[in-house]
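To convert, note that position 434 of the sequence shown is 434 in the numbering used here; the numbers rise steadily by one, no gaps.
Since the hints were derived computationally from the structure, they do not count as laboratory data.
Where a beta carbon is used, it is the ideal one built from N, C-alpha and C, also for glycine.
Take these hints with a grain of salt, some might be off.
Stated by the list, open to error - Think about it this way: if two alpha-carbon atoms lie no more than 27 Å apart in a straight line, the pair counts; the simulated DSSO-like pairs of lysine-lysine are:
1. K294 <-> K245
2. K160 <-> K188
3. K730 <-> K668
4. K367 <-> K91
5. K184 <-> K245
6. K91 <-> K294
7. K160 <-> K184
Said to hold, decoys possible - Per label pair, the in silico range of CB-to-CB distance:
8. S83 <-> G646: 24 to 30 Å
9. V366 <-> A312: 43 to 49 Å
10. T432 <-> D161: 45 to 51 Å
11. T377 <-> T119: 44 to 50 Å
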Amino acid sequence: MSGRTRLLAQGAAALLALPLALSAVPAAAVTGPASEPSDTTHAYTARLVVGSHDRGCSGVLVDADWLLTAASCFADDPAQSLSVPAGAPRKPVTATIGRTDLSSASGAEREIVELVPRTDRDVVLARLNRPVTDVAPAPLATTAPAAGEELKFAGFGRTKDEWAPLRLHTAAYSVDSVDATSAKVTGKDGAAACAGDSGGPVLRGSGASAQLVALTSQSFQGGCFGTDEEQTSTAGVAARVDDLKSWVDATTGAPGITDFNGDGVEDIAVADPKATVGGDAGAGLVRVVYGADKGIAQLDQDLDWVPGGAEANDGFGGALATVDYNEDGYTDLVVSTPNEALGSAAGAGFVDILFGAPGGLGTGAVKAQHLEQGAGTGALLSSTPETNDHMGQALAAGTTAEGRPWLLIGVPGESIGDLAAAGMAIYVYGNTSRSLAQDLPTNVPGASEAGDKFGAAVAGDENYFAIGSPGEAIGANTNSGTVALFSHTLDADGRPTVVGGMDQDNSAVSGAAEKDDEFGASLAMTSYRTSATSGSGTSMLAIGSPGEMTSANGTQRAQAGRAILVRINPDKTWTYLHELRQGEPDDTVSGTSEVGDRMAESLSIVNTAPHAVATTSTLLVAVGIPGEALGTEAKAGAVQVFSALGAAGDNDVWVEPGNGPGLPGPYKANQRVGESIHFTGTRLYVGMPNGPSAYGALHALPIGNVVPGGTKGTVTTYQPGTGGLPAAGKAFGSAAR
Numbered sequence: 001m002s003g004r005t006r007l008l009a010q011g012a013a014a015l016l017a018l019p020l021a022l023s024a025v026p027a028a029a030v031t032g033p034a035s036e037p038s039d040t041t042h043a044y045t046a047r048l049v050v051g052s053h054d055r056g057c058s059g060v061l062v063d064a065d066w067l068l069t070a071a072s073c074f075a076d077d078p079a080q081s082l083s084v085p086a087g088a089p090r091k092p093v094t095a096t097i098g099r100t101d102l103s104s105a106s107g108a109e110r111e112i113v114e115l116v117p118r119t120d121r122d123v124v125l126a127r128l129n130r131p132v133t134d135v136a137p138a139p140l141a142t143t144a145p146a147a148g149e150e151l152k153f154a155g156f157g158r159t160k161d162e163w164a165p166l167r168l169h170t171a172a173y174s175v176d177s178v179d180a181t182s183a184k185v186t187g188k189d190g191a192a193a194c195a196g197d198s199g200g201p202v203l204r205g206s207g208a209s210a211q212l213v214a215l216t217s218q219s220f221q222g223g224c225f226g227t228d229e230e231q232t233s234t235a236g237v238a239a240r241v242d243d244l245k246s247w248v249d250a251t252t253g254a255p256g257i258t259d260f261n262g263d264g265v266e267d268i269a270v271a272d273p274k275a276t277v278g279g280d281a282g283a284g285l286v287r288v289v290y291g292a293d294k295g296i297a298q299l300d301q302d303l304d305w306v307p308g309g310a311e312a313n314d315g316f317g318g319a320l321a322t323v324d325y326n327e328d329g330y331t332d333l334v335v336s337t338p339n340e341a342l343g344s345a346a347g348a349g350f351v352d353i354l355f356g357a358p359g360g361l362g363t364g365a366v367k368a369q370h371l372e373q374g375a376g377t378g379a380l381l382s383s384t385p386e387t388n389d390h391m392g393q394a395l396a397a398g399t400t401a402e403g404r405p406w407l408l409i410g411v412p413g414e415s416i417g418d419l420a421a422a423g424m425a426i427y428v429y430g431n432t433s434r435s436l437a438q439d440l441p442t443n444v445p446g447a448s449e450a451g452d453k454f455g456a457a458v459a460g461d462e463n464y465f466a467i468g469s470p471g472e473a474i475g476a477n478t479n480s481g482t483v484a485l486f487s488h489t490l491d492a493d494g495r496p497t498v499v500g501g502m503d504q505d506n507s508a509v510s511g512a513a514e515k516d517d518e519f520g521a522s523l524a525m526t527s528y529r530t531s532a533t534s535g536s537g538t539s540m541l542a543i544g545s546p547g548e549m550t551s552a553n554g555t556q557r558a559q560a561g562r563a564i565l566v567r568i569n570p571d572k573t574w575t576y577l578h579e580l581r582q583g584e585p586d587d588t589v590s591g592t593s594e595v596g597d598r599m600a601e602s603l604s605i606v607n608t609a610p611h612a613v614a615t616t617s618t619l620l621v622a623v624g625i626p627g628e629a630l631g632t633e634a635k636a637g638a639v640q641v642f643s644a645l646g647a648a649g650d651n652d653v654w655v656e657p658g659n660g661p662g663l664p665g666p667y668k669a670n671q672r673v674g675e676s677i678h679f680t681g682t683r684l685y686v687g688m689p690n691g692p693s694a695y696g697a698l699h700a701l702p703i704g705n706v707v708p709g710g711t712k713g714t715v716t717t718y719q720p721g722t723g724g725l726p727a728a729g730k731a732f733g734s735a736a737r
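Sequences are here, hints too, so could you generate the full structure?
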């Protein structure tokens, strides 16, 4: 019999509260003394309510975004099995942290949106929808409990005389014996763990020196309210966590994944904006491949739950982004249709948020949220769709450091007054939106001019976001380009605050503003840690100038292209770092600048270890070079992966069809590899919408394949006509998320 079920079979009860409908007030602990409302010693202890008061449990904050608690709290029948599926909980779960007196308003209330269970003990990690920043997490112990040791435990379960106490209670255990995953314990001085205490912290030491040794798991509940008076035993079992620090650190420190159906397995959405739908050429579609072989779905505007209707050249899927916008634990897909006609306004464009759910995208009660100018609230409602606005040509989405979801929509064709294609961007959060443009009286850098195309590129992370204006004239240099920087901090009008801006005439930036540089035509951004004691308030921004003229062998190479790296500091200043470009044939950077390379026409950046200090192998930038000639094949294209830290040539990896990183070959002219690239925490996705397959393809390269000295893995290919994907399409792989 397994250790997870042995005690249950011996007659102890898992410490889940009985159905709370039996109580007049919500159930909330240990039969020991109550904590004073002002006592924050155990503020990291959480009270959990599952469903509509179906169960009550306790837990402990171990990271700003994560709790440790008992798996039995989420098991269907904990008396039979503690098995819990990974992913989003099956029922809503509310966690209250930092509130030792439940009648007060202190602390924070959060929803649990993801479970990562252990399979060897009654333990699960539970991710919160937003971080808790004003309560210090409990540090994990690294030595096992010992027989005879006294440990303190805390919880929000029943007491001797209360079914539903409003205050946290604490008591002491004596350790009887210890095995590999648990410890048998006995409550001291007649104290016992009661129903509702499951998952509560078991601690060594006190005050600031306290360490988390285990979680309360099972108890005979002697003396607890509602327990048979003949049951006097205070014995129980605690699930050890002292040996789980590496697992906790790895889980809480991993980048998030795209998980539309909440099963804990990565999914992928792949756009084909040129696909024919219902006979309408170029209407566009998105194919979703659910992980763990859970099926393939086609999303298009002829589905009754997707706004609009498929029409020729709409370009549905022109840009993609992902975010859990409604904070329910299921990734939501943001899809733009930048060529959509609205009334007589051809090419006005709009954007939709398609919501994830247990059955996949569009299967929940609320399926989509539609965003278009002239409708909704905020800036969207006050705007008017116009011909060739191309709303959604660029998209970015994420959550702020405080956990607030946001969406940034580029509208580069927007006319500002009579200035055609001056451009703007729309920042969406909650149920409102704000416009951002160079004519606003909020110190947005630059001035609106015809053809600026402000919003042609957008990128952001938890701290900041950037908007590119590649058509901006710097002096007499048309299409030189500029970039504006913003913070997610909102001003009194609810609009993001300006951090600053830059162009290549800035003395801190190498090079000079020149005609047709297109500085800001591509952007990528991620947060990172600069030291063990720093938070993730620093951001790395990559800026592409695909039209940049560079020099090689003493010859100027038009449209060779380059990118630069900029560090945005916690104090909202920025620091230029260095450029990324191909150079001379004899330097350390792979490749040589050539006419028409268009290096940095696309960019993607990733921090594969966001909770750790960034290193050359964890902070990576992928640079697309779609105009690269390979051999005699013009515009075959390539991708170059650099570390964002250190010299450009020290850690770069060259990716072309048929070479070492595993991108399938051979290369051919006009494939333009590099125009579609996207990093996740585990893979570099390289789209090949221009062939060699007539339908297009997408290839997923494991991160180890694009890191010098990395462990090579198998490349996964998504190609229509294989793997269950229909043999149809025109430009599959144009975008992927």
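Right, here's what the structure says about each hint:
1. Taking the CA atoms of K294 and K245, the gap is near 32 Å; set against the 27 Å cutoff, the hint is violated.
2. At most 27 Å may separate the alpha-carbon atoms for a hinted pair to count; K160 and K188 meet this at roughly 14 Å.
3. For the hint pairing K730 with K668, the CA-to-CA distance comes to about 17 Å; that is within 27 Å, so the pair holds.
4. Distance hint between K367 and K91 is fulfilled; the C-alpha atoms sit about 18 Å from each other, no more than 27 Å.
5. At most 27 Å may separate the alpha-carbon atoms for a hinted pair to count; K184 and K245 meet this at roughly 21 Å.
6. Of the supplied pair hints, the one linking K91 and K294 holds, its CA atoms being roughly 21 Å apart against a limit of 27 Å.
7. With a C-alpha separation of about 22 Å, the suggested pairing of K160 with K184 holds against the 27 Å cut-off.
8. The hinted range of 24 to 30 Å is not satisfied by S83 and G646, whose Cβ atoms lie roughly 45 Å apart.
9. The hint said 43 to 49 Å for the Cβ distance between V366 and A312, and at roughly 30 Å that hint is violated.
10. Judged by the Cβ atoms, the range 45 to 51 Å given for T432 and D161 holds: they are separated by roughly 49 Å.
11. Hint check: T377 to T119, Cβ distance near 46 Å, so the stated range 44 to 50 Å holds.
Going through the hint list in order, the structure does not satisfy hints 1, 8, 9.
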